[in-house]
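Chemist: So you can see what is in the structure, the chains are spelled out below.
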Amino acid sequence: MSELTYTEIDATVLNTLTPPKRAYWLTVAALAAGILIGLSCWIYQIFVGIGVGGQNNPVGWGTYLINFVFWVGIAHSGTLISAILYLFRAGWRNPIARAAETMTVFAVCTAGLFPLIHLGRVWLVYYMLPYPNQRYLWPNFQSPLVFDLVAISTYLTVSSLFWFTGMLPDLAAARDRAAGWRRRFYKILSLGWTGEHEQWRHYTRGYLFFAALATPLVISVHSVVSWDFALAVVPGWHSTIFAPYFVAGAIHSGLAMVLTLMIPLRAIFDYKRIITDDVLENVAKTIIFTGLIVGFAYATEYFIAWYSHNEIEIESFRWRALGDYSLEFWIMVVCNSLVPLLFFFKKYRRSTPWLFGISILINVGMWFERFVIIVGGPAHDFIPHAWGLYTPSAVEMGIMLGTFCLFFFLFLLFVKHLPSVSMTEMKETLEKGSAHGS
Amino acid sequence: MEVKRYVMGLFRDEDRAVGAIESLKKSSFKLHKVHSPVPSHKIMNVLDRDRPQSKVGYFTLAGGIIGFFTGFLLAIYTASEWSLIVSGKPVIALVPFFIVGFEFTILFGVLGNIIGLLTQARLPRWKNLKQYDERCSGEHFGVVAQCDDADQDRLMAFFIEKGGDAKRIYVY
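Chains as they are written, first to last, in the numbering used here: chain Z, 1383 to 1820; chain S, -19 to 152.
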């Protein structure tokens, strides 16, 4: 990295903001079409009723909750990379921190749609706000669902502000090299930033506090999400390990999504000198760590079921591995715990196709992990005559397609309109004495 | 009335900019401000030696404390408005309410942090751009000093002697 100069960093990053080509707009249009499909399905559901989804007794939470947990999980590694690794002074996070933070913001936005979709009568969402209804009844702050509302809205606010604050110096750099409407756009967004020492003095302090506050927040948010399940008595849900298990799983899936996004990004925008093989390798090494925690959590759940001598718990976990959803279970185990072990070998960590392929498999595995937990628990709980299965309906699949398209649509808009790599942090990583402007 | 002039020395090299700042402090010229594309620890060490730390943290702390009590009291107030026992928990259940208090601590702490950052760094302020060189967001460190009208040439020569690549004059 030391051979880069300040000028080259600016040129490489700001080059990505040049007017896009036709292929870009075609991709954006295709994603917009996907969003329209999802929106149409949602509107259809609002008119016809929530029954058009596949959720029914005994499985009341289907893909809407699966996708909610999936996207909240994806959001987590953005904060891990931008805040936690910042506090640890891990310099390798600098080239990918901005894109990971962006991923966080868009993933939380996408996740936030699902409780609204699942609500059915979406116009009644204000029932969740701390505002008394006609009977002066307030939301129940003892409910994990209300914890969730507080935690997710806090997380969206904090991660958006963290993202924007981190971008201020780069917006100023973009402003100083842009012309026309783009210059006016960046001028407004950069708030008059000039890199004055007095600004940096307060900025560095404020950024440090941001990171310090975001770190416990990120751990709390997915813990709160896990309590949506763990505070119920359903077998397979009522577990004390859920909070750390969910946090580790969230970071696991988020890191995989970082690879899924970064690898095409660096190929398309010629970022190879900035997002180097070493950076991707470090992400892969972190994935080994999170994969081992997730694998350990899977094993611990079985140990707890066996050690408890609780027949219902034992049956629930036997059925999970051998019952109707055993395929989903084994996809989960193989993709999340076994496939990442390939990263123990340098050959796979240094190979872009392998990194990309494994990252996709982990994303698939993590989606199925949420399926196994959310659907598996109520589908096979205490009373045999109440057991039942769940299959997502076409409407649910359409909405899911729409939200996936929405995430990638927002990300594509971001990479062509805002600096996708933090130029300031990249410059900070340059070694002492390098020729800044040559 | 004597007119004050401001001259900016532009340096590609951080060490030279630091050297110029140190020399300026010993000279008859008055150091006005320094622009840099990155938060430079070397510049901070020279400029912040005798200054108190940034006050942003006090805003963050105040926000956090206010947030904690807001979250806790909101949950207590709303529960006591309708004294209904839910899930066998007491009406005012401190353990679950701690979660609400914690999230509000973070939220208000961050909002306090932002208010502190904006007020202390005096943002937004677009008129700053009139006295600024665009190269300072790229690869240059800009050191601005103040002098009397008659000393302008001497100050420009000073920056060139210190290895400044360019100079610019501001009339405030």
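Please note that a few of the clues may not be correct.
[To be verified] Below, computed lysine-lysine pairings styled on PhoX-like, alpha-carbon distance capped at 25 Å: (1) S:Lys142 <-> S:Lys69; (2) S:Lys107 <-> Z:Lys1569; (3) Z:Lys1569 <-> S:Lys13; (4) S:Lys110 <-> Z:Lys1569.
Simulated from the structure, these hints should not be mistaken for laboratory data. Nothing here was measured: the structure is a model prediction, and the numbers come from that model.
Chemist: For the pair supplied as a hint, lysine 142 (chain S) and lysine 69 (chain S), is the alpha-carbon distance within the 25 Å limit?
Modeler: violated (72 Å)
Chemist: Within 25 Å, alpha carbon to alpha carbon, are lysine 107 (chain S) and lysine 1569 (chain Z)?
Modeler: Roughly 11 Å separates the two Cα atoms, so the pair holds.
Chemist: Would the pair lysine 110 (chain S) and lysine 1569 (chain Z) pass a check requiring their Cα atoms to be no farther apart than 25 Å?
Modeler: holds (13 Å)
Chemist: Hinted pair, alpha-carbon criterion (25 Å max): lysine 1569 (chain Z), lysine 13 (chain S). Please report holds or violated.
Modeler: With a Cα-Cα distance of about 21 Å, the restraint between lysine 1569 (chain Z) and lysine 13 (chain S) holds, given a limit of 25 Å.
The structure fails to meet hint 1 from the earlier list, while all remaining hints are met.
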